[in-house]
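Throw the hints in and build the complete structure from the sequences for me.
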Amino acid sequence: MHDDHDHHHDHDDHQHGHAPPQKDHDAGPMSAYEVLEEAVRSLLIEKGVLTAEEIATQVDVMDSRSPALGAKVVARAWTDRTFKKRLIGDTRAALAELDIDIGALAEFRVVENTPEVHNVIVCTLCSCYPKMLLGIPPAWYKSLAYRSRTVVDPRGVLAEFGVAIPEDVTVRVHDSTADLRYIVLPMRPKGTKGWSEDKLAAIITRDCMIGTALPHM
Amino acid sequence: MVRTRARADTPPARRFSPGDAVRVSDRAVVGHCRTPWYLRGKTGVIASVHGTFRDPETLAYHRPGLPALPLYKVRFRQRDLWGRYAGPPGDELEVDIYEPWLEPTKGRMANGE
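Top line first, the protein sequences correspond to chains F and H. Going by our numbering, the first residue of the first sequence is number 1, and it counts up by one from there. Going by our numbering, the first residue of the second sequence is number 1, and it counts up by one from there.
Keep in mind that the hints are not guaranteed to be accurate.
Computed footprint of chain F on chain H; a stretch qualifies when at least three of its residues, placed anywhere within it, have a C-beta under 8 Å from a C-beta of chain F [to be verified]:
{"hint": "1", "region": "15–24"}
{"hint": "2", "region": "60–70"}
{"hint": "3", "region": "79–86"}
List time: in silico DSBU-like cross-link candidates among lysine-lysine, alpha-carbon distance up to 30 Å [said to hold, decoys possible]:
{"hint": "4", "chain 1": "F", "residue 1": "131", "chain 2": "H", "residue 2": "73"}
{"hint": "5", "chain 1": "F", "residue 1": "72", "chain 2": "F", "residue 2": "199"}
{"hint": "6", "chain 1": "F", "residue 1": "84", "chain 2": "F", "residue 2": "190"}
{"hint": "7", "chain 1": "H", "residue 1": "42", "chain 2": "F", "residue 2": "142"}
{"hint": "8", "chain 1": "F", "residue 1": "84", "chain 2": "F", "residue 2": "72"}
{"hint": "9", "chain 1": "H", "residue 1": "73", "chain 2": "H", "residue 2": "42"}
{"hint": "10", "chain 1": "F", "residue 1": "190", "chain 2": "F", "residue 2": "47"}
{"hint": "11", "chain 1": "F", "residue 1": "193", "chain 2": "F", "residue 2": "142"}
{"hint": "12", "chain 1": "F", "residue 1": "131", "chain 2": "F", "residue 2": "190"}
{"hint": "13", "chain 1": "F", "residue 1": "85", "chain 2": "H", "residue 2": "106"}
{"hint": "14", "chain 1": "F", "residue 1": "47", "chain 2": "F", "residue 2": "142"}
{"hint": "15", "chain 1": "F", "residue 1": "142", "chain 2": "H", "residue 2": "73"}
{"hint": "16", "chain 1": "F", "residue 1": "85", "chain 2": "F", "residue 2": "190"}
{"hint": "17", "chain 1": "F", "residue 1": "84", "chain 2": "H", "residue 2": "73"}
{"hint": "18", "chain 1": "F", "residue 1": "131", "chain 2": "F", "residue 2": "84"}
{"hint": "19", "chain 1": "F", "residue 1": "85", "chain 2": "F", "residue 2": "131"}
{"hint": "20", "chain 1": "F", "residue 1": "72", "chain 2": "F", "residue 2": "190"}
{"hint": "21", "chain 1": "F", "residue 1": "72", "chain 2": "H", "residue 2": "73"}
Just so you know, the hints here were simulated from the structure itself, not pulled from any lab data. Predicted model only: the values in this text are computed from it and were never measured. Every residue gets a Cβ at the ideal spot worked out from N, C-alpha and C, and that includes glycine.
What follows is the structure, given as structure tokens:
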């Protein structure tokens with residue numbers, strides 16, 4: 001169809017609002033990747049590899065994951081030393097104790113911050129992230145700046161997050177390039193003795209488990 | 001639902017053990033590869049053994065990724081990676097590397113635990 005008639009909607013000069021201010025998520029033409037995703041998805045369904053229901057179920061699983069889940073795990077590790085030991089020794093099994101299934105996509109490792117070592121997580125190759133424990137990663141985690149600078153200047157990056165690690169503490173960067181997903185077990189702040197797991201979980205933020213923040217009371 | 005990266009059941013013989021000094025192969029590669037470029041030719045030490053995992057370089061092209069490969073956590077000193085690392089000498093970087101990318105070396109046994 002030709003679009004060569006001269007009635008042209010110029011929205012710069014002509015703002016009496018044909019559309020609601022919130023853009024429809026599927027307004028505008030599809031990107032090449034959106035077309036590809038839809039094509040592959042419908043082929044997988046057509047050929048019986050997956051069902052639409054399985055895809056919807058997996059979306060629900062992903063949506064159920066958020067930093068609150070990771071915080072619950074950390075709070076348990078802070079209050080139960082034997083759980084912490086199991087969590088570090090066999091993360092998959094320890095998480096299963098809390099009814100957390102991390103799926104078959106990757107193994108998980110918990111790296112513990114100590115007075116001697118501060119850990120920070122990055123994926124320089126893409127943006128590997130412990131989604132099954134922390135949900136969808138923040139946009140900055142996937143940015144080229146975070147991915148490239150964290151390996152070469154971790155202390156500079158941490159300073160931008162407001163985290164200063166003393167010179168006598170080792171900063172250990174984990175570049176998660178393969179089949180393992182990492183989560184940082186932060187140190188429990190002083191002055192939280194006797195706190196319930198729920199109260200502790202409330203101070204454990206997403207960034208504490210990436211290593212770009214420290215928990216504060 | 002996602003099955004492609006499950007652990008393989010039969011572990012092959014491992015070439016390296018924790019504490020071994022290793023050098024990351026400096027070869028070029030065409031296609032999917034999970035060994036970061038900035039580590040090529042660098043020397044580190046095996047920190048731990050993760051087990052065996054399917055080979056991502058063939059898995060990425062719809063092949064089974066077998067035989068599965070030993071995967072190691074390799075620890076590097078930041079000062080050995082970058083010419084002008086600004087932090088203290090004790091700072092470290094750990095990366096997961098598949099065995100075919102590691103070569104034995106007589107390099108320094110840096111930071112072995």
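Are any of the numbered hints broken by this structure? If so, which, sorted upward?
Checked against the structure, the hints that fail are numbers 1, 2, 10, 11, 13, 14, while the rest are satisfied.
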